[in-house]
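Student: Below are the chains, spelled out letter by letter.
Number of protein chains: 2
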Amino acid sequence: MAPLSLKINAQRLNDTLQETCSRWGAIRNSTGMQRLTLSQADRDVRDWLVEEARSLGCQVKVDEMGNIFCIRSGTNNGLAPIAMGSHLDTQPAGKLLTHPLSHHKVRIDVLIFSLKGGRYDGILGVQAGLEVLRTLHENNLQTHSPIALIDWTNEEGARFSGAMMSSGVWSQQSFSNFEVCHNTVDIEGIKMGDALKEIGYLGETKCDYRANPLSAHFELHIEQGVRLENEKKTMGVVTSVQSMRWHTIRVSGTEGHAGTTPMGVRADALVSACKFITAVRDAAVSTGLGVGTVGVISSDTQSQATIPAGINFTIDIRCSTDEMVEELYKNVFEKFNEILAEENNGTAWKSVRTWALPESIFDVQCIDSVRSAAVELVGASEVLEMKSAAGHDSAWVYYLCFQTTTRPC
Amino acid sequence: MAPLSLKINAQRLNDTLQETCSRWGAIRNSTGMQRLTLSQADRDVRDWLVEEARSLGCQVKVDEMGNIFCIRSGTNNGLAPIAMGSHLDTQPAGKLLTHPLSHHKVRIDVLIFSLKGGRYDGILGVQAGLEVLRTLHENNLQTHSPIALIDWTNEEGARFSGAMMSSGVWSQQSFSNFEVCHNTVDIEGIKMGDALKEIGYLGETKCDYRANPLSAHFELHIEQGVRLENEKKTMGVVTSVQSMRWHTIRVSGTEGHAGTTPMGVRADALVSACKFITAVRDAAVSTGLGVGTVGVISSDTQSQATIPAGINFTIDIRCSTDEMVEELYKNVFEKFNEILAEENNGTAWKSVRTWALPESIFDVQCIDSVRSAAVELVGASEVLEMKSAAGHDSAWVYYLCFQTTTRPC
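Protein chains in written order, with our numbering: chain A, 1 to 409; chain B, 1 to 409.
A hint or two may mislead.
[Stated by the list, open to error] Now the in silico label distances, taken between C-beta atoms and shown as ranges:
#: 1; chain 1: A; residue 1: 11; chain 2: B; residue 2: 263; range: 37 to 43 angstroms
#: 2; chain 1: B; residue 1: 356; chain 2: A; residue 2: 351; range: 35 to 41 angstroms
#: 3; chain 1: B; residue 1: 344; chain 2: A; residue 2: 287; range: 18 to 24 angstroms
#: 4; chain 1: B; residue 1: 179; chain 2: A; residue 2: 11; range: 56 to 62 angstroms
#: 5; chain 1: A; residue 1: 350; chain 2: B; residue 2: 5; range: 42 to 48 angstroms
#: 6; chain 1: B; residue 1: 179; chain 2: A; residue 2: 264; range: 38 to 44 angstroms
#: 7; chain 1: A; residue 1: 40; chain 2: B; residue 2: 356; range: 52 to 58 angstroms
#: 8; chain 1: A; residue 1: 232; chain 2: B; residue 2: 263; range: 19 to 25 angstroms
#: 9; chain 1: B; residue 1: 341; chain 2: A; residue 2: 11; range: 49 to 55 angstroms
#: 10; chain 1: A; residue 1: 172; chain 2: B; residue 2: 341; range: 47 to 53 angstroms
Bear in mind the hints are in silico, worked out from the structure with no lab data behind them. Even glycine gets a Cβ: it sits at the ideal position worked out from N, Cα and C.
Start from the sequences and build out the full structure, keeping to the hints where you can.
Tutor: Written out as structure tokens, the structure is:
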């Protein structure tokens, strides 16, 4: 099949993105966003998306995790759709307003955007897919396969814990099934299942790649890193997503009075935890295997005059391969034991693995089609093949596309 | 004046203490206590105390911080009362149930108690004072000075932040005045002034040593430490309270994505904070000047996949003298700067002094009377002169006793 000379309308894409972001979830006097999953703002933008898709002739299905599938028929509707998708939710405000990457620029077709906050995270991926649907529609183009535009629920995991939650459930490869997710509560104790019902997005379609299959999944996203900028490239062709794994660490000690307990007899859980957290950073740097971050820390007691007896913190480790993640964790945990042997203060630690995303190596044919489109658009010298350092819905979804029906094309 | 051979009734003291603790604020199936200041349990035990004191012929005054003064007339009521006092509130449950000192024993007259939780903290000091009033009353003894039994409000600072809060206000030497304290809120947003009103203990007497003076202040308390036990002594005669000072530290960095931000360009506020917290411990140990504790830590963001940009933690340093506290803080802050110079990662710190209690050196005449009573009771070989490592209401009150009216005796 000869390539078509269709072009999206970049101005319309940007106008639509800015307008919908300003209306639903914008932080006052800024371009930062606060559109937590299943909030009022999320409901409103979902309603808008569904209406837009229907006006373009799409059929809309909602599954039991609230994932929205807007499907445009092809000539062979027995094939599973080729999908474009990402997420319309964002992190809460604090993060976005201070995002270190806010000065970056991304080029889409001939338009240059300034990046601010969450507008060019998942939202861009959904809006770009919508612009493709609009372009197909106004050109009366009929595709072979059906085409799907997907809004995946709760990619951020900011309100209900668990990043890429609903694409993970669809893939049946993550730790959680839909019942566990429905019972997950937010900070106010609201269950996710109730929040889905509340905004009218608890659908009946099964959230399972076997019941609701796809043939392929494409996702446009900003880099969220500095490689493209440093290497002066315009477009990245993502060939894989790095491996990542989370652990929660519990450090236990003995509570004591800050005035009357001599330094020599203390089992201070916070001091041990601090040495562990420093060790996570040091191990990542010294081994060069990947990145290691402690993003969350909490203490059982919060009393100025009490020696802490229980500390919880999380570790996020990401490396190119699953084996490197395993090796870096091994190194970190060995360091923990060395620290305790040295401290010899009666504190102890244990670890629970809470989440993981295995390395995702995308399909060669899909990569080829992205690369050729990018090269055609900006020239080969502007294109960089790269691994994604951040997780995305595609990292769960790509794998199952090949487990379903006949491949398209 | 020749010493009297009066003896308190130790069995009655213990029975009263256990019974009132069991009724108001006991933790089910344990001898641990949870009697937060100005709670229902605190109101009930206050009501009981007031009734008991009145039945012994005392006049009761309540001041604007809820401090209760039960005053027994003397022959010369122009003198300011000689006071016995402490506090009826306790820390919340968690702390008490795991108190490392729960196996200690304290000897009062001929009775041995097992120490569990908060029953022998401030509560013992108030109950012992009541037993003295009862003994004076049943022996029809008239003292020269009036005698006061005092329940000081919110010594713990557990519900409304600020340890020894109301004795501090009375002394006019702490950082807070009564208006600031009335506006202090608990975790549910309830103002302390409203909580005082709610339980009926917002009194009209001015909370000020000049308006409501005392001649002396005696306080019975457990050690909360291990010296008496280690040195096999029965009673400590406290000659002074060590100096203590609290700071809140703010560490700031730059937020970033845990996957896409390379290790080399991170300004991770938590890693810097962890090195600082370890340095507090190390400085206390290496200088030998005193004890240093970080009891509270919090992070602006709590996202597994976000590099923390803002961390707050508290430092509690206690040394024998004010100068040693100053020197240890100087040492700690120098270490912070050395750490930042070494890390060179773009993080920064600043410090705010939030609370301090200067070294308290008690009056020689008061110490003498405690010592001679202790020696008479258990023999000189069982008595140890010592410094208190923990703060107590007496540390604020003692000083002002000498600023008021004519000294007694």
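Student: Now look at each hint and say whether the structure bears it out.
Tutor: So, going through the hints one by one against the coordinates:
no. : hint                              : in the structure
1   : A/11 / B/263: 37 to 43 angstroms  : holds, 40 angstroms
2   : B/356 / A/351: 35 to 41 angstroms : holds, 40 angstroms
3   : B/344 / A/287: 18 to 24 angstroms : holds, 21 angstroms
4   : B/179 / A/11: 56 to 62 angstroms  : holds, 59 angstroms
5   : A/350 / B/5: 42 to 48 angstroms   : violated, 60 angstroms
6   : B/179 / A/264: 38 to 44 angstroms : holds, 43 angstroms
7   : A/40 / B/356: 52 to 58 angstroms  : violated, 47 angstroms
8   : A/232 / B/263: 19 to 25 angstroms : holds, 23 angstroms
9   : B/341 / A/11: 49 to 55 angstroms  : holds, 50 angstroms
10  : A/172 / B/341: 47 to 53 angstroms : holds, 51 angstroms
Hints 5, 7, counting from the list given before, are not met by this structure.
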